[in-house]
Amino acid sequence: MAEFSQAAIIGVSLGAQYALLALGFTLIFGILGVVNFAHGGFYMLGGYVAYSCVAYAGLPYPLAVLVAVIATGALGWIFELYLLERMVDDHLATLMLTLGLYLVMSTGLLTIFGPLSMEFAFPVKGAMHLGPIYVPRENLIVLAICLTTIAALWLVLYRTDLGRGLRALADDRAIAMAQGLRPKLLFPLAFAIATALAGLTGALVTPILSLSPGVGDPVLATSFLTVILGGLGSLEGAALAAFVVGVVEAFSSVYFGGSIGALVLFVLVLLLLVFRPTGLLGRTVRGA
Amino acid sequence: MRRNLLGWADLIALLVLAAGFFVPMLTHSVLVYSILNQVFTGVIAAESVWIMLRMNLLSFATPTFMAIGGYTVAIAGEYNVTDAFLMTAASFILPALVAIPLGALVLRLRGTYFVLVTFVLSQIMQLVLFETPSLTGGSNGIAGVPPVTLFGTEMGTNRQVLEFACGLAMLATLITGLLTRWFRQHFAAIEENEILAESLGLVVWRYKAMGFVVAAGISGLAGYSLVNMLLTAHPSSFDSGTAVDFIAYTIIGGRVSILGPVLGTGALVYATNLFGTHGQYAQGLYGVLILVVVLVARGGIVGTVAALWRRRTS
Amino acid sequence: MLLQIEDLWVRYGGITALSGISIDVPEGETVLLVGANGAGKSSTINAIIGLVPTAKGRIVFGGTDLTHIPCERRARLGIGFSPEGRRVFPTMTVTDNVLSGAFGLGRKRQMEALDWLRSAFPLLVDRATQPAGQLSGGQQQIVALARAMASFPKLLLMDEPFLGLAPVWIKQISDAILQLRARGTTVLMTEQMARPALKLATSGYVMRGGEVRRSGPVDTIRDLALADEYL
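For the record, the sequence lines run as chains A, B and C. Residue 69 in this note's numbering sits at position 69 of the first sequence, and the numbers go up by one each step. Residue 1081 in this note's numbering sits at position 81 of the second sequence, and the numbers go up by one each step. Residue 2169 in this note's numbering sits at position 169 of the third sequence, and the numbers go up by one each step.
Possibly wrong hints are sitting among the right ones.
[Stated by the list, open to error] In silico lysine to aspartate or glutamate, DMTMM-like type, Cα no more than 25 Å apart, as pairs:
1) C:Lys2056 x C:Asp2175
2) C:Lys2171 x C:Glu2006
3) C:Lys2154 x C:Glu2006
4) C:Lys2108 x A:Asp161
5) C:Lys2154 x A:Asp161
6) C:Lys2154 x A:Asp172
7) C:Lys2199 x C:Asp2175
8) C:Lys2154 x C:Asp2065
9) C:Lys2199 x C:Glu2027
10) C:Lys2108 x C:Asp2126
11) C:Lys2171 x C:Glu2029
12) A:Lys184 x C:Asp2007
Derived by calculation from the structure, the hints in this document are not laboratory data.
Given these sequences and hints, build the entire structure.
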């Protein structure tokens, strides 16, 4: 029973991290129609920026996380505004641009920090004992921050003028523009929000997992699995699927060990594509 | 209209590759042999990317099918089955068979799903290799794969390995050329405007699936070439990161013609070797070049050269 | 003259959709573009809002030449747009649909618009939190109309507001348009169904094959417009 509850808690905490990544990814896809291959790169960059702030500038960790969020958001904003924006309607071109950016980012980080893992530890240690269940404090803190961020994102998207504009552009870009919504203003902003979310996740999670130039790829693959499972472009679907992925991964690693979880999830996704191609909560989204 | 089996670009590509047979007459440098072996393997892999790119689909599945082809050869080698013709057929057909259900499943959906699924697939293949040690040797891979035999003769010398890689690359180019020439109008219609092609009665996903199956087979040949070069089948040879390399070769070489993957692979493999022991930094170069190609030189190397040529002659 | 179109040409690839039409929309009037499918009505509307580029000619709105102004800035000059087929934002609630038409106007103006439109169209209150994609065609048309009006535009463009609607909804939409007209809103609308549309308009243009065939006060075009309706 203790094992079960522990797996559940780990699953939920993984799910919250995946949700932050997948929400950003699906936000970019839904609004701009762009598949962001650099998403894992922004996660990595967030981790390295936070690490540098702590290790070289001596900043306290929370401040370092904030700097990482701002840096990844700013880079995302600049990239969208100056490069992606030029060919935002060409799906293949935007895909290749983000892929190119990812290669440049990961090689840049490799050049600066070298191929080895960084000594980057979460500042809060220890564990809480809730009866027989043992929960690391760091996981609880990350979970709390992730859930707060998801709630804040929800508020921005569903309770503000900005969020309405973004969702309108996601639903029907041409008509939204004809209503006076300015993509030139909103697209870079949407991209920046999404990359900042990836940066935040990286800054929070890499101290717990690991920080090396190779951590972007599996993050990207997990984001892909999650958004396919949730339905491309569906925010609610992405959030729900993220927790499914997290819980499946946690339980399979506790009960089966190794990487069976990822295989199980992949088979799950393929089955889903047979029976429900639009994903768990997806709807038919626009073509291409 | 008469359909030519091959176009001039295919013939030039074949001629360029055939030059590989004459290299041993000029040099015995191990470095040159090694680079050329990498180029031939890379060309085969890049051609499988190119086939899908002809239909506006970006495929990350190349290393996945390379692994199937490569491990097929390695496992057969453990039973001393090394006949070149038999193993060429097997390394093509097995990956193609795996691609049939997968293609039928994913290619009915939008192109985005294809990209995402092939990327995840390339990650999953690694796990499969690690999780099946009894078949694939797990993290140790399969070492000591015997060299291929052609008409009963073992092709074990450096020169013979090079010639075999050259032959495989020409075969892959021939298959790619025949496929893209035969379905030229269909592929062009899909590339131009998929929705229009569909409304004109073209069952788009079937052509995509057909292309995918052949591309998978060609990837399998690349896997064969790689295993025969290294005499080892190891998970790291089929790492998902290599998918990005093959995509880079194709895009930077130019997606407009089959000469793109051929010349792009040659140029980038050569450039990568200039990095010497710091090969991992080459991906940064690929990244910059991809950005440049997408932003300012859409045709890649081949397209840009062709455009310059046209400007000079007109 | 609030809107002046001079010698407007629109081409899609090799196909000419509009060959040199001229249309005047005086302030406070309701002008009707009527004609069969493919006559060029929608192309005219889309050219005004900027969804299709002009090949030749001028569109002047309130003294501003729109030709080189991008789509998203035209709406902000005071043009409301209710597109063909309604095109409400399907995943967004009715209220959010309406408010998206008033993007960036500030909380106070938005609430003003919402209050006004809710009092004019009670449907917006009843269905406030329902996703607009779940509504019937007639209900969606009301939402599209309200969205277009939320920025208090000087000119309202309506493309085929009756398309695919049951007679009871045509009546309701007509009432809504009359209500806006009574408030002094200038309207340019297109419609294939000439009969109900002619009741709303002050003047009209009969279009055929990308050209204007006849124009003038409603009474002078009625016979030609109705003849077209049965083509």
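Structure-based check of all given hints:
no.: 1; hint: C:Lys2056 x C:Asp2175; result: violated (37 Å)
no.: 2; hint: C:Lys2171 x C:Glu2006; result: violated (33 Å)
no.: 3; hint: C:Lys2154 x C:Glu2006; result: holds (20 Å)
no.: 4; hint: C:Lys2108 x A:Asp161; result: holds (12 Å)
no.: 5; hint: C:Lys2154 x A:Asp161; result: holds (22 Å)
no.: 6; hint: C:Lys2154 x A:Asp172; result: holds (24 Å)
no.: 7; hint: C:Lys2199 x C:Asp2175; result: holds (11 Å)
no.: 8; hint: C:Lys2154 x C:Asp2065; result: holds (16 Å)
no.: 9; hint: C:Lys2199 x C:Glu2027; result: holds (19 Å)
no.: 10; hint: C:Lys2108 x C:Asp2126; result: holds (22 Å)
no.: 11; hint: C:Lys2171 x C:Glu2029; result: holds (20 Å)
no.: 12; hint: A:Lys184 x C:Asp2007; result: violated (31 Å)
Violated hints, in rising order: 1, 2, 12; the structure is consistent with all others.
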